[in-house]
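Please model the complete structure; the sequences and the hints are all you need to start from.
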Amino acid sequence: MSVEHDWLTIATSRNFFESPVRVSLSPDAAKSVGAVTALELPTVGTFVEAGMQCGAATSAANTTGLFSPVSGRVTIVNDEVGRHPELTTSDPGGAGWLFAVLPSHA
Numbered sequence: 011m012s013v014e015h016d017w018l019t020i021a022t023s024r025n026f027f028e029s030p031v032r033v034s035l036s037p038d039a040a041k042s043v044g045a046v047t048a049l050e051l052p053t054v055g056t057f058v059e060a061g062m063q064c065g066a067a068t069s070a071a072n073t074t075g076l077f078s079p080v081s082g083r084v085t086i087v088n089d090e091v092g093r094h095p096e097l098t099t100s101d102p103g104g105a106g107w108l109f110a111v112l113p114s115h116a
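Position 18 of the sequence shown, counted from 1, bears residue number 28 in my numbering, the numbering being contiguous throughout.
If you're looking for bench data, these hints aren't it; they were derived computationally from the structure. Backbone N, C-alpha and C define an ideal beta-carbon position, used for all residues, glycine too. Check before you lean on any hint, since a few could be wrong.
[What the hints assert, rightly or not] Simulated restraints on C-beta separations: (1) 115 with 86: 29 to 35 angstroms; (2) 36 with 114: 30 to 36 angstroms; (3) 71 with 29: 31 to 37 angstroms; (4) 115 with 41: 18 to 24 angstroms; (5) 37 with 94: 14 to 20 angstroms; (6) 104 with 66: 20 to 26 angstroms; (7) 115 with 48: 29 to 35 angstroms; (8) 114 with 72: 29 to 35 angstroms; (9) 57 with 100: 27 to 33 angstroms; (10) 41 with 112: 26 to 32 angstroms; (11) 54 with 94: 17 to 23 angstroms; (12) 72 with 28: 34 to 40 angstroms.
Below is the structure:
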């Protein structure tokens, strides 16, 4: 996958840099990846850079890199997708979100 295949859900806030954003696969990416069987996600506190690989999704067919669409510090990882990785493709915009990032100004 590329940065074009990951997307953000922006929390309600007056300032983009005050609220974490959730990162997930785009619906198109979810279709192309297929059923995810394992995930490698960044840990809480890790600084991720926009466009840089920060994890991986493994399906029966292959392993695909996960890229953050925004730079910032990871504030939470969705433990539910760790237990049920198939959520990343069956419900990418809902329960299948991957992790949240507090955007940085840099």
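Quick one: which hint numbers does this structure break? Sort them smallest to largest. 1, 2, 4
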